[in-house]
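Novice: Next come the chains, spelled out residue by residue.
Number of protein chains: 2
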Amino acid sequence: MNIHKVGVLGGGQLGRMLVEAASRLNIQIIILDAPVDSPAKQIEATQQHVHGDFTDADKIKHLANSVDVLTTEIEHVNATILETLARERIVNVQPSPSTIRLIQDKYTQKIHLTKHSIPVAEYRETLNHEAILSAGKEFGYPLMLKSKTLAYDGRGNYVLRTEQDIPDALNTLSKTPLYAERWAPFVKELAIMVVRRANGEIRSYPVVETIHKENICHLVIAPAQVDGVVRQRAQAVAEDAIKTLDGAGVFGVEMFLMDDGAILVNEIAPRPHNSGHYTIEACETSQYENHLRAILDIPLGSTSMKVPASIMVNILGVSNDMQETLRPCAESLSIDGATIHLYGKRECRKGRKMGHITVVGESMTQTQERIKPILATIEPGVTRDLALSPLVGIIMGSDSDLPVMKIGAQILKDFCVPFELSIVSAHRTPLRMVEYAKSAHKRGLKVIIAGAGGAAHLPGMVAAMTPLPVIGVPVRGSSLDGVDSLYSIVQMPRGVPVATVAINNSTNAALLAIRQLGAFIPGFLTKMERYMETMETEVLKKVQRLDSVGWDSY
Amino acid sequence: MNIHKVGVLGGGQLGRMLVEAASRLNIQIIILDAPVDSPAKQIEATQQHVHGDFTDADKIKHLANSVDVLTTEIEHVNATILETLARERIVNVQPSPSTIRLIQDKYTQKIHLTKHSIPVAEYRETLNHEAILSAGKEFGYPLMLKSKTLAYDGRGNYVLRTEQDIPDALNTLSKTPLYAERWAPFVKELAIMVVRRANGEIRSYPVVETIHKENICHLVIAPAQVDGVVRQRAQAVAEDAIKTLDGAGVFGVEMFLMDDGAILVNEIAPRPHNSGHYTIEACETSQYENHLRAILDIPLGSTSMKVPASIMVNILGVSNDMQETLRPCAESLSIDGATIHLYGKRECRKGRKMGHITVVGESMTQTQERIKPILATIEPGVTRDLALSPLVGIIMGSDSDLPVMKIGAQILKDFCVPFELSIVSAHRTPLRMVEYAKSAHKRGLKVIIAGAGGAAHLPGMVAAMTPLPVIGVPVRGSSLDGVDSLYSIVQMPRGVPVATVAINNSTNAALLAIRQLGAFIPGFLTKMERYMETMETEVLKKVQRLDSVGWDSY
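Those sequence lines, one after another, are chains S and P. With my numbering, letter number 504 in the first sequence gets 655, and the count goes up by one each step, no holes. With my numbering, letter number 225 in the second sequence gets 376, and the count goes up by one each step, no holes.
Keep in mind that the hints were calculated from the coordinates and are not lab data. A hint or two may mislead.
One copy or any two copies: either way a pair holds, since identical chains are not told apart in the list.
Distance condition first, Cα-Cα at most 16 Å in a straight line; then the derived EDC-like pairs of lysine to aspartate or glutamate [stated by the list, open to error]:
#1 K266 - D391
#2 K266 - E418
#3 K589 - E680
#4 K339 - D410
#5 K339 - D378
Take these sequences, add in the hints, and give me the full structure.
Specialist: Take a look at the structure:
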């Protein structure tokens, strides 16, 4: 544990959260930014901060002389001087200046990714009106027009609906050269923070879903409520992309999830990223601490989530009225699991990032419920109901089992348990059964309910191929009164258990699944207690009625 | 969300962690402490900090004039001037100066608690040698001798083994008046952080276990691995104790758990406390943020744990060698779930609190495994294996079921699942069964395995009274081949599920329980996957042998 000094170009909220992480490790951060009381400088009392522009070569040199490592909280810095400092070994710059330069120009970034076979939306350079027209012919409309440089938080993007929009677009984006991208009709936007240590070791944070509003990040949902296969694919693409870049640090990889499950990389940030704020409360080591560990070449921390679910919402200035802007924060003081991060910005302006709130919970269902009153203060009347990943899978051997199994499905629905329901036959779709059973836990399922009749092999066969608990529902067939199904399901050999319930009793299968969830998700346990009380009350009412009416008239 | 200014007497690590929490809420903290770069001042860049002694009346007055609320991070402050400031309404002091004064004198504190019927160890004033002798006659030896004032971190305590120790004790504790306490032969030391808002609202953090080394806090285990009944009792005692004190803030309540389950209050701290450091990583809102919320009279945050388990270890100076002292931190960089907190103290001294490490995990089993290599750098050769609270309860109707049920117990042992095993008979100990079933989830159990034979009512009856999943093992009796047991267990009415396994198959009951745990505790899921692979390998070996030996010689 050596004492380190880290210089950071930029003293905004990202720098501030770097300082938070650094202080706990006795790492001193020295900031270069113009405001004397920039967010990051406020919480590091050193007199060594440099007051000036983070593109100013002299100031950067001055900072470089007093630190062990130089990093940035924004990519729009002076890459040339960083290259010189690194080349002349005056200071260690991380990530490498070549990476920063590459990312500064989004068009060059795209070419680089294409060259390394990273999937991106089709694009072409459009330096004038004619080139844009020609791109429109090739890619169709809507067409995404983007500034190559100095673009962030949606600034520098223009969506062309038709050719007629071109003059206005050129006018709006006049400052930098442009390129055009084929419109990506994504189903979700995903993001991953990837951290790489100087020695090449890479770790990924979970895949999250980002929801943008007016091109600015609004919500970050962690983990993303997508299929496990998509999650793995996104992680592989993100890691492959980062492996093509030089230098250490965390990198934010923004991606599109397409209708067919394909992943396209949108863009990369060579620094801590808004989509990784949630890691402070929700992960074992935050993106900020891991950025410091990576650039200082000390062991990386765990990127695993330590809570089941989290949602982050950005607090943007609604006007220059601070009180009005901070209303969601006032609301969140009364919300369990909510943590407020204000950035210490003295002045509020419309659209300015003033802070964020991270809400954590025992499940995504609970987290979503918790954040609703906060979102209501930001977007009154807007509901953002996520399609939650299922926790329970109901499968049955045949659609003839559905009348029995749907009763259990209704119970899960009544308890607000996210579930999926499908037909998987051991004898008629054996390969589908293998795939279902093998992938179930990777897709986020916590328990499987399998119903089958006769020579009822489905529950036991699925149990043989999943580490999850499997609940078997013996469905009564036309002969033997269901005893055939019961014995087929319950009399499993040692080593492969099936939790068997009574014949045709999918109600109890669902209730058993909820009890299993409730052992770890207190909200479901409370609901189960209430359900049991209701059962008791209903029987007691019948007692009363029997007493008052008499057994002969009952 | 108003902008607040809070003055803090003392700028050590507790003040520093208050600043961390304050910055995120745009609350400005102004510190009064002598060192210009005290831990707390380092991370709040305001020029308004006051440099001086936190017992200096003038300095306190100066600080009071520039803040909305005045609080302390240490109780050994100038209570008289605080009383004056509060009485003259110059500043709001929280907690109230009378509480600080009361707590400064541990003897007065004891009298106060006794007066309010809070259980404490017997004590009496011992102002001289004779009084100590007389206390020794009354309470016996060992006898605890304590300084009334200026005592913390074990300083001011002396354990008298015999009368002969009295002169040395008087010599050691010469500076302040003394009192004697009957030695409390506790089984564990427990602690709870209680937070109270000015409006009287009270919330408690979980009960934790503290392990001291040479009278200084060494480990904090959250939640304490004790029975749910003990947890509830400790919480009630702690809250009752805090209700007797005036003012807002967090309070640390240290307690003894006695052999008979009784709780005795040891002492109270009117401020954030070492036993609450873990709340930063492990709880929905930290003790530091809740202290600020309480004294500013804004809504309190949730005190629930957001992770299943955490263990905190203090980093004390081993000498004046910083590198040597920080070895546990260097080790913990490679430990998943470990977060280092260094306090920015420039000089290392033997016994000085330099930082702490909090480790979190998916279960107490995992957390304990994670922290072992860190503890090994502090206490080589010492193993501190906790008796973990059981996650699974195995019960059976009669000891005649034990030969069947112990096979499942062995599986749980092999998988390192903490479990309990007992006899609970539906027909012969019905009340015990009710109590067992009703309390199971409160005691921390996640699943119950119940074995019974014949008219096997135990699993179903237990399931009728617990919201937890119940796994039923039909035990084969002398007649009917176990079918009687199977039907009695599996054919439960709608509403009350029992997860039934094959007749006599407690192996599968245990494996099913582990699968249920594994759905939420990834470590168990991984072990289950490995177990299933081993089963496969073993069968494949038999295939090989059959192939090579031939079926006729097999």
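Novice: Determine for every hint whether it applies to the structure shown.
Specialist: To see whether the hints hold, each was checked on the structure:
{"no.": "1", "hint": "K266 - D391", "in the structure": "within (12 Å within a copy, 69 Å between copies)"}
{"no.": "2", "hint": "K266 - E418", "in the structure": "within (15 Å within a copy, 67 Å between copies)"}
{"no.": "3", "hint": "K589 - E680", "in the structure": "between (33 Å within a copy, 11 Å between copies)"}
{"no.": "4", "hint": "K339 - D410", "in the structure": "within (9 Å within a copy, 58 Å between copies)"}
{"no.": "5", "hint": "K339 - D378", "in the structure": "within (12 Å within a copy, 46 Å between copies)"}
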